[in-house]
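Protein chains in written order, with the UniProt record's numbering: chain A, 1 to 482; chain B, 1 to 537.
Read the hints as simulated data drawn from the structure, not as lab findings.
Owing to the predicted nature of the structure, the values given are computational and were not obtained by experimental measurement.
Ideal placement from N, C-alpha and C gives every residue a C-beta, glycine not left out.
Honestly, I wouldn't trust all of these hints.
Partial list, computed: chain B residues near chain A (C-beta under 7 Å) [what the hints assert, rightly or not]:
| hint | residue |
| --- | --- |
| 1 | 400 |
| 2 | 413 |
| 3 | 414 |
| 4 | 436 |
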Amino acid sequence: MRELIILNFYGIIGLIGLAKNKLISIKQNKNLIGKGVLIICILSLYLIINELKEINLTDLGYLRVTRLLNINIGYDGISLIFIILTLYLGVISIISNYKNIVARKELYMLLLMSLIILMGLNFVCLDLISFYILFEITLIPLFLIIGIYGGSNKNKAAYYILIYTLCSSLFMLLSIIMIYILYNNVDFITINSKIISMELQSLLLIGLMLGLGVKTPLVPIHTWLPTVHSESPLGGSILLAGIVLKLAIYGIIRILLSNISEISLLYAPILYVIGIITIIYSSLVTLSQTDLKVIIAYSSISHLGVCILGIFANNLLGIVGSLVLCLAHGFVSPALFILMGGILYDRYHNRILFYYQGLTQFMPIFAIYLVFFSFCNTGTPLSYNFIGEFLCISGAIIKHPFIGAFTAASVILSACYQFKLTNKLTSGSFSKYLSITYDLLYREHFILLFLAIPTLILGIAPNIISNLLFLSSNALIYSIVI
Amino acid sequence: MLLSSILIVTVLTSIMRDKNEYKKWVNRISLIILIYVLLINVNINNISDLILGYNIYNNMLIINNLNNSMINIILIIGIIYMLLLSYNISIIKEIDRLIIIRKWLSLLIIFNILGLILLMLVNDLILLFVIIELQSYSLYLITAINNESNNSIKSGLYYFIVGSLGSFIILDGTIGIYEDIGLTNLEYIILYIDNINIYNILIILFGLFIKIGLAPFYNYSITIYTLSPTMITNYISLMPKLSILTLILNLINIINLIHNNINLNIINLISLIIFISMIIGSIGGMNVIRIKTLLAYSSLLNVSYMLLAIISNNNYSIIAYLFYILQYSITHINIFSIILLIPLYSNLYLYNSNNNNNIYNVMISKYSPIEYISQLKLLLNKNICLCICFIISIFSLIGIPPLSGFYGKLLVLISSLNNGYIFLSITLVIVSSISAYYYGNIIKELSFDILNNYNIFNYKEYNISNIKILNKLNKNELNKNNLLYNMNNKDGDNSIIYLNNNITYIISVLTLIIILISLEYDNIIGGTYLVLLGINI
């Protein structure tokens, strides 16, 4: 881990220094910073995949703990999977915005890379305060990316993400401080081995769920997400959908399930009801949306609702299922964002659903990818989403048969909105409002292919990832051993 | 040392000729004096000697660790302020009338710093009144120092009227205590604390609240900070707060010695004031268009955070107070020095007083050239580094980790939750997210237009006029290459005006402190814990 952090740190500093001092002239070598950032990201992806060889699957607890700048860092299986996802999506988001941002591309690339690094660090830190710091620090690059490079409504979106996230996570900070006052220590390992009284736990649950629920997002506090996802530039929305939403799930695993597990079991029915409201409400809202990116954003809300149901199930099926669904959603949702916000928007410069029709005739490869990812998003067998959703729903039904049964509605509803969208885009005669353009470029083809391959391979052989998850998920199950 | 140095500076001021260059020399001498005082203080008073604290001047003053460290902080902030005063801002002397000062400003500032330092050491209520008058009168004079400016005089008079009201409320409280037990020394008052009417101390506190402009009495301070020149606002909106808040901390420690219901009542009253000032500080700044008004509201908000740390009365409260005030004053000075530099990049007609047809001079005053938030747009294309520094400072005020503002807020929350002020902590959370809106507004003006090139387009007239002025100026100062470069450069404008090394050094150091405070956080907390040792709570 240490090499990874040092590589990224020096890489970024070096790039800024080179660009500022004009040691390599930028005019001859266009997009220098973009290339440099891409190289750094790929190198760190290589390093982190190498870590897979180093660890032993049968070791319990946090592995390879080191101390860097007064912070303990280390990881277990869950964290490792999430870091790999982060860097993978990081490479993809950098490539996806490689050409279509013209002005001030250097600043954009640097902000994007810092966002990737900070979110990656979030999965390795081992105490509550630094978790909170890294959870919040992503606000700076996100606010600037959305504010500077966003769409037409960018001011509103930037304010939404700043104020919603800041307000909610300050409530989370209150709970964290409460824990700090009790123990005078915020290390994960120390606080995991102690039990807080039930009254205090219910207070802490309110604060923590406010912070994590806004990021997840759950229904009454989800309104920031569609605006922010639709207005941010492509790389930003890939990272938002792929990783920022998963930070909340990771936070639930690290803080709620392991520290205040009693109360989160006791209040699980309430969280279940909120989750089901999220699924059904957001699916119904999706049906009436007209903006392409907003549709994808709402669909990710409903999928994250399924994740919430799985994570509170208190059995292995549910927890592993929700992690798998997170991972699968992290591949599919960025792909849909690239299809809608990247490829279609670059060519036609609008995001209104009604302008598009019959794209199959002139963009066949695009249509193939669109249909493939739509099927994946609804959870068709052989896709990785199917496995996640299947495990989540079965876990939820085992926990609460009656409430859990409603979860199955998500499959039908997601099929409804997803195929309304796909049908409109692909079938019918070619829309007269559109001009004929070229099909996918090699760059876009490459990105989509590399998002499609893991979805398919892991859908057929999910054990590759699940083996990593089983041991560390086992530790999250609350059971009384006599 | 300060007293004798005042004499020197007085003599110098009277001898000196009235020219900009000579004013700087006087300022530099007073800068040396301040640095010397700081060195002496660091050498004489160290932590292990001051654990018990000793009385000086016949038990009139007491010096302990907390006071000592606050003296150091005040001197350091004073030195940074004096550095801004005493050096040229840019390399071209002719346009260096950016900071318009009177020659006796440095003298007044040294007087004021003497008052501020003595105010924290006060151990006697009579002396409290005397010193607060010393401190306030020099502040009134500093506020009204630019006596050709209407606004400056107005703010000075306003400050004088309200401030003297505050002083007399303090005197009223003193008289009440003297009536009860016939004593004025605080140490003896502590002994007979159960016999006096404790509300008299509350009256003294209310007088101090008027002086720092807390919520029910906040209106005047915002007017003053808006009207007075920017250089003066930089001083008067920060320095008095440093010392008066320390005095309030000492008085509240006395109140906390009483163990009955009256104590609780007083704390409840103060927390009501904190609540009101938090709400006003956050909501008041929402629709503000003037940058200085906005910063005045934000300082109201920050003072109420510090007061929350002060009343919570446990180990963490002093740590939180010291840390918060240190980081807040660093951020404050950083923001104000950048605001002072921005006019360099606007049009230069302002500084060319011979020119009569000042077309741009309608809205903008000579004393505070940057008046509105929208004027900050200038900065983006002219000097991106300053822009980044400004954005970082604003993010620190919002309280986004890992900048210094977050750690201050964390410590305040720890100290208040430790004492069980859950309602006030939740208010703090809500209020700081409301205030994020108006801080975000500044960041929006600063950075969001980076793609539109708004500046180049809109300020082209400015550029042409600036180049003309620069040509008219003394040609020896500018070498021709620079001017040629400037003419060729399309979006070039005042880019020949480089900042002075000194100013850039100050701003970059302050910004780096704000960013990298997370590395030294543990050490800083350890140091403030040492300060705690002598103080018995």
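Supplied contact hint for residue 400 (chain B), tested at 7 Å Cβ to chain A
holds, 6 Å
Would you check whether residue 436 (chain B) satisfies its interface hint, that is, whether its CB is within less than 7 Å of any CB in chain A?
At 5 Å from the nearest chain A Cβ, residue 436 (chain B) passes the 7 Å test, so the hint holds.
Are residue 414 (chain B) and chain A close enough, Cβ to Cβ, to be under 7 Å, as the hint says?
holds, 5 Å
Minimum Cβ distance from residue 413 (chain B) to chain A below 7 Å?
holds, 5 Å
When the structure is compared with the earlier hints, no violation turns up for any of them.
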